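Asks: Residue numbers (this note's numbering): 258 to 554.
No lab work stands behind these hints, which were simulated from the structure alone. Treat each hint with caution, since some may be false.
What the hints assert, rightly or not - Derived Cβ-Cβ restraints for the label pairs, each shown as a range:
#, residue 1, residue 2, range
1, 281, 482, 33 to 41 Å
2, 310, 446, 24 to 32 Å
3, 490, 296, 26 to 34 Å
Claimed, not checked - Below are the SDA-like pairs computed for lysine to any residue, each with C-alpha atoms no more than 20 Å apart in a straight line:
#, residue 1, residue 2
4, 338, 299
5, 365, 380
6, 419, 368
Here the structure is a predicted model, which is why all the values come from computation and not from measurement. In this text, a Cβ means the ideal position worked out from N, Cα and C, and glycines have one as well.
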Amino acid sequence: MDIKNQIADVAEKLNNNYQTQGMFEIGVGEKLPDRGAIISIISEIRRIVFPGFFGDENTAYVNLSHFAGNTLAGIYESLYKQIKVAISYDSRGESLEGIDSKAGELTKQFIEELPNIQQLIYKDVEAELQGDPAASSKEEIIFCYPGIYAISVYRIAHVLYKLNIPFIPRIMAEYAHGKTGIDINPGATIGEYFFIDHGTGIVIGETTTIGNNVKIYQGVTLGALSTMKGQALSGVKRHPTIEDNVVIYANTTILGGETVVGHDSVVAGNTFVTESIPAGSKVSAYVPELKLRRRES
258 MDIKNQIADV AEKLNNNYQT QGMFEIGVGE KLPDRGAIIS IISEIRRIVF
308 PGFFGDENTA YVNLSHFAGN TLAGIYESLY KQIKVAISYD SRGESLEGID
358 SKAGELTKQF IEELPNIQQL IYKDVEAELQ GDPAASSKEE IIFCYPGIYA
408 ISVYRIAHVL YKLNIPFIPR IMAEYAHGKT GIDINPGATI GEYFFIDHGT
458 GIVIGETTTI GNNVKIYQGV TLGALSTMKG QALSGVKRHP TIEDNVVIYA
508 NTTILGGETV VGHDSVVAGN TFVTESIPAG SKVSAYVPEL KLRRRES
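Sequences are here, hints too, so could you generate the full structure?
Replies: Take a look at the structure:
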């Protein structure tokens, strides 16, 4: 078979697969959200949260109030377009006028929350500074720490998630996951002064609840005991609750919607937890006593 016929044959097989799946037949005027545009929105929100850090503006010369207003206007326009596309695709059949109005209202609600998001992120930066003796300044944390990037994107995506906006929160979360190795579902509820140290391999599930002043290290999983029931578990509390002032060390796994780690507890590294832990506990996996034997010459 020559290449021309081979391409035609493979194209036909691919088309058969498209038809079998039934999710690629997008109607006239319909489209999916633009992932690149959503990533740009993240960048613009980071610019407005940390003026002077991620843009060309020099805050010695720029009126910050004017900067905030101009940047907000751009964020509103971009986000409105993507929310409109997401809602339109997710609720095909709804009138275009209704979608326009809904998208505008949801975008305004998100914009209204930006000062609160900003304050939460500032507290997370403070938690990183106070919790990591290797950090020399807040500026270093903002520029360099993957944990604060992942938490910042989570804070943005969580507000969109609570507004029931389809697609966009998860696109944001998975982009941050790809950049940092930290997987925080936008549905998780996370309190103030959240500190991620190192971060690679952390997984925080959708129905996780985390209190204030919690610190977790790399490789920690806050997950579900089982997802065998699939979509039947949607909306069910299946991930653990971590109360205030808890430290969870590296490579620990805590599973289950009924599992609660009580406040002021410490969970050692490499610990597997599926039952609740009382407040003020110190929990660790069993480690046999290390026996040393003199090396024979």
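Asks: All the hints need checking, so say for each whether the structure fits it.
Replies: Cross-check of the supplied hints:
1. Taking 33 to 41 Å as the suggested C-beta distance range, the pair residue 281 and residue 482 conforms, at roughly 35 Å.
2. Remark: the range hint 24 to 32 Å for residue 310 to residue 446 is upheld by a beta-carbon distance near 27 Å.
3. For residue 490 and residue 296, the Cβ-Cβ distance of about 30 Å falls inside the hinted range of 26 to 34 Å, so the restraint holds.
4. Proximity of residue 338 to residue 299 is assessed by CA-CA distance (about 14 Å); at most 20 Å being required, the pair is judged to hold.
5. Taken as a hint, the residue 365 and residue 380 pair is broken in the structure, with Cα atoms around 24 Å apart against an allowance of 20 Å.
6. Of the supplied pair hints, the one linking residue 419 and residue 368 holds, its CA atoms being roughly 14 Å apart against a limit of 20 Å.
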